[in-house]
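Relying on the hints, combine the two individually framed chains into one complex.
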Amino acid sequence: MRATVIEVRGLVNRFGSQTVHEDLDLDLYRGEVLGVVGGSGTGKSVLLRSIVGLRRPNAGDIRVLGEQLERQSPEARSRLERRLGVLYQRGALFTSLTVLENTALPLIEHSGLKRPEAERLARLKLTLAGLPLNAADKYPAELSGGMVKRAALARALALDPEILFLDEPTAGLDPVGAAAFDTLIATLRDALGLSVFLVTHDLDTLYAICDRVAVLANRKVLVAGRLDVVAATDDPWIQDYFHGPRGRAAAQAARQAAGSR
Amino acid sequence: MIPRADIRYDEDTASLRLGGAWTLAHYARLQPGLARWKEASTRARQVDMSELQGLDTAGAALLAELFGADRLLELADRAEGLSEERRALLRTVARALQGAAPGEVPPRRSTLLELLEQIGRAVEALWRHAVGLLGFIGLVLTTMASVLLRPRRWRMTSLVAHLEQSGLDAVPIVALLTFMVGAVVAFLGATVLADFGATQYTVDLVAYSFLREFGVLLTAILLAGRTASAFTAQIGSMKANEELDAIRTLGLDPLELLVLPRVFALLIALPLLTFIAMLSGMLGGAVVCMLSLDIPPSLYLSIIQNGVDVRHFLVGMAKAPIFAFLIAVIGCLEGFRVSGSAQSVGEHTTSSVVQSIFMVILVDALAALFLMEMGW
Numbered sequence: 001m002r003a004t005v006i007e008v009r010g011l012v013n014r015f016g017s018q019t020v021h022e023d024l025d026l027d028l029y030r031g032e033v034l035g036v037v038g039g040s041g042t043g044k045s046v047l048l049r050s051i052v053g054l055r056r057p058n059a060g061d062i063r064v065l066g067e068q069l070e071r072q073s074p075e076a077r078s079r080l081e082r083r084l085g086v087l088y089q090r091g092a093l094f095t096s097l098t099v100l101e102n103t104a105l106p107l108i109e110h111s112g113l114k115r116p117e118a119e120r121l122a123r124l125k126l127t128l129a130g131l132p133l134n135a136a137d138k139y140p141a142e143l144s145g146g147m148v149k150r151a152a153l154a155r156a157l158a159l160d161p162e163i164l165f166l167d168e169p170t171a172g173l174d175p176v177g178a179a180a181f182d183t184l185i186a187t188l189r190d191a192l193g194l195s196v197f198l199v200t201h202d203l204d205t206l207y208a209i210c211d212r213v214a215v216l217a218n219r220k221v222l223v224a225g226r227l228d229v230v231a232a233t234d235d236p237w238i239q240d241y242f243h244g245p246r247g248r249a250a251a252q253a254a255r256q257a258a259g260s261r
Numbered sequence: 001m002i003p004r005a006d007i008r009y010d011e012d013t014a015s016l017r018l019g020g021a022w023t024l025a026h027y028a029r030l031q032p033g034l035a036r037w038k039e040a041s042t043r044a045r046q047v048d049m050s051e052l053q054g055l056d057t058a059g060a061a062l063l064a065e066l067f068g069a070d071r072l073l074e075l076a077d078r079a080e081g082l083s084e085e086r087r088a089l090l091r092t093v094a095r096a097l098q099g100a101a102p103g104e105v106p107p108r109r110s111t112l113l114e115l116l117e118q119i120g121r122a123v124e125a126l127w128r129h130a131v132g133l134l135g136f137i138g139l140v141l142t143t144m145a146s147v148l149l150r151p152r153r154w155r156m157t158s159l160v161a162h163l164e165q166s167g168l169d170a171v172p173i174v175a176l177l178t179f180m181v182g183a184v185v186a187f188l189g190a191t192v193l194a195d196f197g198a199t200q201y202t203v204d205l206v207a208y209s210f211l212r213e214f215g216v217l218l219t220a221i222l223l224a225g226r227t228a229s230a231f232t233a234q235i236g237s238m239k240a241n242e243e244l245d246a247i248r249t250l251g252l253d254p255l256e257l258l259v260l261p262r263v264f265a266l267l268i269a270l271p272l273l274t275f276i277a278m279l280s281g282m283l284g285g286a287v288v289c290m291l292s293l294d295i296p297p298s299l300y301l302s303i304i305q306n307g308v309d310v311r312h313f314l315v316g317m318a319k320a321p322i323f324a325f326l327i328a329v330i331g332c333l334e335g336f337r338v339s340g341s342a343q344s345v346g347e348h349t350t351s352s353v354v355q356s357i358f359m360v361i362l363v364d365a366l367a368a369l370f371l372m373e374m375g376w
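Protein chains in written order, with the UniProt record's numbering: chain A, 1 to 261; chain B, 1 to 376.
Here chain B stands alone, though its shape is the one from the complex (with noise of 0.2 Å):
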């Protein structure tokens, strides 16, 4: 066992005597007591280091807090007992040492200052991230008009890839997902109409319900998760190996190679799934309205085609275009900013979803105004 590290002064020769291990396993318990040794390390004349047994860059470090980096330099050479390992050891953490004044830490601001701070960040941060969606959005109109009457530069394979990754592979999760609102959506109906003794009209409500708002939005907050993170990832990982810079190298547009593809793919795919949504939402309705209503599918369907006007499914559809394109706009525009890292894919897929189905509801919201006045 290595005793442990200890340091004795004498009086008479004024010498200084180390001894024992100098090694992190004793730092904690050498370096609040190194203080009191200051003032006796500056009065010694000499250095006695023939009984230390044992010593690394952390004792080192002891050492150069106990006599300073300069002294410590010196000591290197003359101190007594050292072998000529241990003092290139000194020597190498003593200039290490001297160039570098001991870490000074900045001063804490107030609290109070650095909230402010973090707001003025948080705002500015949301503006330019405001700014940069228009630009895109901007960008990927411009190349989609110069692409769309060029069909020689239509990458249908890639189209077709991403058709089948976020549009066919989504439509069993779509279709069990809304099947169940639906569900739900008759369930609730049949509940509080029945009161009136109007339970009829959960036919009316389900229908409503998924033509004009929940067939789309539930699609398109599905979509926002599942393809959104999705885009942001394959492009942010791309980024991150730079395989974009690559593309531009080779003289390619990344917009023309990867946005547009995914953006044409889900301007398909998300009608189409809205479309299965919105059926499979209302065969929920039907089967909770045959099964606890005693509304026979026949009657449920005729109750639809003459009470139900075809502008609602209209309405519902003609959302799906424009959540689609934000939810790929938002997907590969994340992907693009992601910086180099892995923890950086990570935070910007997190972004790119919330983002995504913030804007998807806010856009339903604002159109749901806007028809609402409208009367349509």
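For reference, chain A alone in the conformation it holds in the complex (with noise of 0.2 Å):
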């Protein structure tokens, strides 16, 4: 059995008289790729909220890396929290700083170390995420849709978290940018050792990157567990989801991929 670095027990979330979660189970194992789909409005970003500790359940119990971050002291709670990673959907990088100051912010704030260092550190997650080295003193707003999201994952890489929470980070790349993106994060995760938390609707990540598959829908996790096991489960929702045309394409270029190999 490997080690869980999350682990979540009976989760409740709701919205006024909206239930998004009921009595939710899911664990992250150390070292893979977790995929979470769902249809829009199944509260696959409200689940990585309230991993994250930026929401908090109705009821539930959350464990990330073996604590329970609500329970802790400020303080170690900022511990904890400095070895996650969050990507945003959006990026969610700081406008009025450089891509550069973004990412050597938190080595800033949280290491100790001095403005030089923590940006001669900076520079390497950069590249690290892949982005050529003058996009480094530009702003965001210069940025195209991609790099922006490789500057965000610089940045949640800052720290050197262990785990790393992707919020749909394919969305709006193109397929070239889409696919390099999945590699780069196959790359990290094994190079860093990272477990990857990865909420995502793009079919070709999925099969491209993901260990494991959970899906979301009616409140719960339906089922979690490797790709093909998911695929072939008796439910209209999944079965719609892996065997639709877009399903059918997206399983016929990894098994290409994979042959090709």
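No wet-lab data here; the hints were simulated from the structure.
Glycine included, every Cβ here is placed at the ideal spot set by N, Cα and C.
Watch out, some of these pointers could steer you wrong.
Said to hold, decoys possible - Each pair of labels, with its calculated beta carbon distance range:
1) Ala145/B <-> Ser40/A: 44 to 52 Å
2) Gln53/B <-> Arg9/A: 57 to 65 Å
3) Ala180/A <-> Arg8/B: 36 to 44 Å
4) Glu114/B <-> Ala249/A: 52 to 60 Å
Dropping the structure here:
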């Protein structure tokens, strides 16, 4: 049995009278990429926000790296949060800072590095995330969508987190950029030993890099497991999702990619 | 507790031993001492990393600095006692650094040169701003002319909504503010004029100042702060959200849709508010006159009726539409200048308030000079 880094048990999230999650269980194991899929409005982003502690769940137990974020003192919580990296859907780069400053900010704030040292490390993270060096001194507004994602990834990786949360990383990227981003995440996972919690709609991403897939539906995790197991599950939504025209195309592309290797 | 990172060189076997945790936590301490080992690292024929207890990208970056990216790539395959994950990490970092020359900072230029450059940029920006404003005014006027003759293209709903927001909703603050300023002016007049035994002229002072200047100027400045900023923020966030592009691609004209209703709303609202401001300012003066100068309201009114010409009222009112146009146009133009980010919305909102207040006061001063010379 592999070690779990995230353990969600009996999670309940409600907005007014609308229940988004009811008694939801989910695990993330060390070193794996877990793809979380589900229709619009099934609470994928809410789940992510609950796990990283941005939203207090109505009930339930969430353990991140063996600790409950909510029960920690502010200081311990901050220490724990440094071991998590989050890539938000639209990057959430600070607009008043350059890309380099964005990436160096957590290093300066948390690891006590001086600015030149922090910037040197930040440059490394930017190259790791696949950004050209001349992008470092640009402001987020001057970057293309794909570069914003890469810069945000560099910032999420700044403190060498153990768990990386990605909220629709390939949304809004062109297929070439999306495929490159998938490869990048797979490389980083192998190189840095990351555990990745990946919320996505992108079937190609699922086939390309996910070790396991969890399907959210009916306020619960309907099924979680290897992709072929999940795809074979007898559920109308899952059948539509994985065996609809897009699902078939993505599966075929994945088979071809595997064959050509 | 993970032992601190250390590094040893064995002369006999020419091997470099790395141990402990090479992580971000130790980066600040390790990095300065690294230069001492540079020479040993080039001589070392063997590198032993088997005692390495922790390694992350920060540590890998240090190793890259120590050995150079090329040699690190080689070491990642060759070094003893490394787990497969660490080899992968070293390889990734080394490859990332290979292409990239270590951060070269462009040399700083002299302060004087930078100062001159700043001044040059500022002057150029000012010039472009002025040209842009004139161009925009022209654009608004032509659109206005083409729309004015075709009532079907008037945006009544939008116009009424803006009238309410920038006109009706501003009545209480305009009235209160001018009432207080009117009282203050009357107090000042009473104090100064009492020395000459001419306290009665306080009435004239208040009436003249509010009819000619204060009524319209105070209202314009208030609306510049209240409405120009609102226009900029509204249009600016629409621009940031690509709504302006959507308007254009739908074959509509943002000038007609967004700017004209706002301009017309202010053209109507500002004169009305100015009128309220004049009344309320003189009311403030009347209250002070009644309470501290024993001039009853009936006398106050008759002094104004007999002593103050209607042309002063007209002079004040004539400026209102000009100010209204300037405020609306500057507010809208700054909205169009917003570029995408939230920060830019803030910058341009500030800029629109500053610019419109500046323009209002500048035009008012020029008008005062002109009118004085003309004897109006």
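So, going through the hints one by one against the coordinates:
Checking the proposed 44 to 52 Å range against Ala145/B and Ser40/A shows it holds: the Cβ atoms sit about 48 Å from each other. Between Gln53/B and Arg9/A the beta carbon distance is about 33 Å. The supplied range of 57 to 65 Å is therefore violated. Separation of Ala180/A from Arg8/B is about 41 Å and conforms to the stated range, judged on CB atoms against 36 to 44 Å. Checked against the hint of 52 to 60 Å, the pair Glu114/B and Ala249/A passes, with Cβ atoms roughly 56 Å apart.
The structure shown violates just one earlier hint, number 2.
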